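Heads up: the protein sequence lines correspond to chains A and B, in order. Using this note's numbering, you'd call the opening residue of the first sequence number 60 and step up by one each time. Using this note's numbering, you'd call the opening residue of the second sequence number 619 and step up by one each time.
The hints are simulated quantities; they were obtained by calculation from the structure and are not laboratory data. A quick note: this is a predicted structure, and the numbers were derived from the prediction, not measured. Some clues are possibly wrong.
[Unchecked claim] Below, a sample of chain A positions facing chain B; criterion: calculated Cβ distance under 7 angstroms:
| hint | residue |
| --- | --- |
| 1 | Tyr88 |
| 2 | Arg93 |
| 3 | Tyr106 |
| 4 | Gly107 |
| 5 | Tyr110 |
| 6 | Leu114 |
| 7 | Thr123 |
| 8 | Gly127 |
| 9 | Ala135 |
| 10 | Arg139 |
| 11 | Arg145 |
Note that beta-carbon positions come from the ideal geometry of N, C-alpha and C, so glycine has one too.
As a plain string of letters, each chain reads:
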Amino acid sequence: MGEKTDVWQGTLALMVLKTLDTMGPQHGYGIARRIEQTSGNLLVLNYGTLYPMLLKLEQECAVTSEWGLSDNNRKAKFYRLTGAGRKRLESATQDWQQTITIVARFLSPAEEA
Amino acid sequence: MRFLRSFWVRLLGLARVRRTNAEIGAELESHLQMHIDDNLRAGMSPQEARRQALISLGGLEQTRQALRERGTLPWVEALLRDLRYAFRTLLRTPGFAVVSVLIIALGIGASLALFTVVRSVLLRPLPFPHPDQLLALYGRDGKSGNTVASGDFYDWQKATHGFQQMAIWRWTGYNMAGSAGELPEFLNAGAGSWNLFSTLGVSAALGRSFTPADDNVSAARTVMLTWSFFERRFNGDPSILGKTIRLNTLPYTVIGVLPAWFQFPDPKIQLWIPWQVGVPSGDLFTHFDHIGYVIGRLRPGVTSAAALEEVNAIQHQNYVRLNGAGPVVDAAIARSLLADIVGDVKTPLLVLMGAVLCLLLIACLNLSNLLIARAATRRREAAIRTALGSTRTALIRQQLTESVLTCVAGALLGIALAVGATHWLILRWTDIPRAESVHPDALVLAFVVGVTLLAGLLSGLFPALSAMRAGILAGLQEGSRGTSAGASRASLRRSLLTAEVALTVVLLVTAGLLYRSFLLLRSQDVGCITKNVLTVNFFLRGDTYAKPEEILAFDTRLLEKVRILPGVRAAGLPNVVPGGGYYGDREVWIPEHPRLPSGEHIFASYRTADPGYFSAIGIPLLRGRLFRDNERLTRDKVVIVNQTLVRQDFPHEDPIGKHLRIEWRTPQGESYEIVGVVRDTAYSIGKPPRPMMWLPILSGIPGATGDVTLVVRADRNVASLALPVQKILAGLDPDLPVKQVLKMEQVIGDTTSNSGFSATLALAFAGLALLLAAAGLYGVLAYLVTQRTVEIGVRIALGAERSRLLGMVLLDGLRPALLGLLLGIAASAASTRLVASILYDTSPLDGTVFASVVLTLLLAAGAACLYPAWRASHLDPVRALRSE
């Protein structure tokens, strides 16, 4: 992972991939709303950062995109997870869980003894 | 990996940037619409719904920009823009573009060609496994190196531990004649110890290599063929394995063929014979006949110094034990096999490489100068662009793009030039070793890419920086009033010019020294007649010439027939002619003199001759007499010596009637009476004369008198005698091949042609440099005059004398030339020592050369300055003032 240090970017990519994984093909606005909902509206997403991230993922062949119609019959670009994207999601999930475990160990005083 | 792929995707993204732009707009628009829909549904007013949607997007234009940047590589786009712009600029001034591209092509082409040769000859490792383990070993007498005696070699091989293997070889040659009336042919050959090939790490491509059983005096005769000989003479038919070929009339069984890439030590070698078979048996275990080249392969982890120390210890024992008995070397010398093969070519090659790099630098400076001149005319453009918000880096980048583009175009042309030039170099430079391995490779490619970029940056940097220095306002103002413009730019151009002239002077001096040395070398007197003299070289060997009477009969019949050929003035039979090489020497003792102290020896170059040889080739007799006709077969106890031998060994006495004891006919040696003294001749052009002695070739001793060079002198057109002479030879012995037919001029030319070649080449480079420097000088001065048109017009209008104006402008142009000349002379005085080792009889500070360089440069500079100066002094003041 080239962006290991950049935690925010790393997590945003992870969230986007996970969202696409659970929801299936989705447009950018839908992804953004879904991320906000899932976070219990704790995350305020700047939608402007989402689109460059989607383009980056597409350039890296983690997602593909095509035009389609939204639920309200609006033309929108739909993103879909590719096989490579799914693999990447798996490894990113593992990485993230490992990170959580490690950080949790540091933070929980009981483990020290 | 992911980064790389993303990079590529983005690079490809450039191709569809327009579509992406439209898409970005559509996608963001649809996003906004959906968000607005949601907001409306949540009960906002239409305006508020749109405002909120825009806020959470973080600005439409910013997002669009972020996406665009993500979608493409901004610097690639900028580069493409710069390139397009540079292309257009260059096309707008095609004359300028063509001149600059040609200048750079010349510089890059020449340096690329030479670098290809340098890389292949000096830098590429030898084509053997672990080539760094291979050492060439020589004997050492006092300070100078010597080839190795076979006896020494066997001692070293037996008693050292630092080497995996040690092998010995030497040059030899065989007459080959087919059994079925095939054409006879002389073959250069090598005689090598059985392990030579395994030491080098080579195995036979067909059949087998030599074994210890082959490398034995009493072994059945075997031979290995080189691939080129195998293909040429036997059509590459493997059925030759196991068959015999006749060499010097004796049958040799072909046991193997060497691989095609194996051309050690020289592609001229056609076949290999085992050492003990190819060397006279008397030479095999002696420590006194230094005949072989030794190659050792170090054990891993053993340094060459450690290995050499061991060899030296053994040789020291030999020296102590045998010093009184004969000439034995006291130690050994080792150097890497690569250095040994490259040998004498290294310095001239590096000098030429330096010369072309100088030329390239001059070409860059010249281009730089041209670009500065042009930047001056585009100053307003630069100023306006800066005023409109173009950054300085953008301007510099633009300038560099242009110069790099010029250099790339130059490099492309230069590469084409270099391909031809490399080929030509190899053809002409006959003594270059490893010529077969000369071809471009990755390093050469890297070199040309590096040199091109460097040249582009170098020639673009000065103009770019100078364009920067002038402020915007000054640029705009200057452009509007063409007075005393760009003073700093002019001084920059003068400094570049000074550097250019200085480099040119260094080149001229170096080339001048090389050429003068070559002229001296060529005019050196070899000590005999060289006009209208033909030499025909052959070897009497094998069963046919096993008895003295047979050799004598051949020699006398040949001379009789040749002497009566129409047009022949004289003919003679030596083994080697003056200028024909070192050939060999022998130890001599003077019975009339007291014994020399132990360890001191007298050597004389060994020659043979018939009675008519000296007058045939015009070597004058100084004292005594020449050989007599009846001094033949066993009545051969007479010897003729040269001046140097007399000067060295009979300084205060008459040598005539004294004797030299020589081991010639028999190993124990006989005394030969000195009957004559002849004038010195050079064994090789440019080498000091050595003590030399001639023994009667008509003694007919098999082996000793078998090497023959027939010398024929005619009144005119001696070349036309070559065929009749060869027919006579074929008539006497149809199986006898002729090795070489050369005019004396060619024999001597051979030894000087290579130094002549490098000298001519260096001179050509220097001439080009001079041309470039003169063009640069002219350009700068013409530019200055144009810049000062108004000023000069005012001066004339106010009554300045035209001759003084002429002087003023001339001085203006000559000042950087003179400064450059001084710097160049100083630099040459310091640097020419580097070429001292390849100069013949010429001091690196040779006054004639320096003086003529100064003169040439002043003339060229004067010529370049004269026209602009003349134009300045003949300005029409009215028109000049109007030109404002």
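Taking the hints in turn, this is what the structure says about them:
no.: 1; hint: Tyr88; verdict: holds, 4 angstroms
no.: 2; hint: Arg93; verdict: violated, 13 angstroms
no.: 3; hint: Tyr106; verdict: holds, 5 angstroms
no.: 4; hint: Gly107; verdict: holds, 3 angstroms
no.: 5; hint: Tyr110; verdict: holds, 6 angstroms
no.: 6; hint: Leu114; verdict: holds, 5 angstroms
no.: 7; hint: Thr123; verdict: violated, 12 angstroms
no.: 8; hint: Gly127; verdict: violated, 10 angstroms
no.: 9; hint: Ala135; verdict: holds, 5 angstroms
no.: 10; hint: Arg139; verdict: violated, 15 angstroms
no.: 11; hint: Arg145; verdict: violated, 15 angstroms
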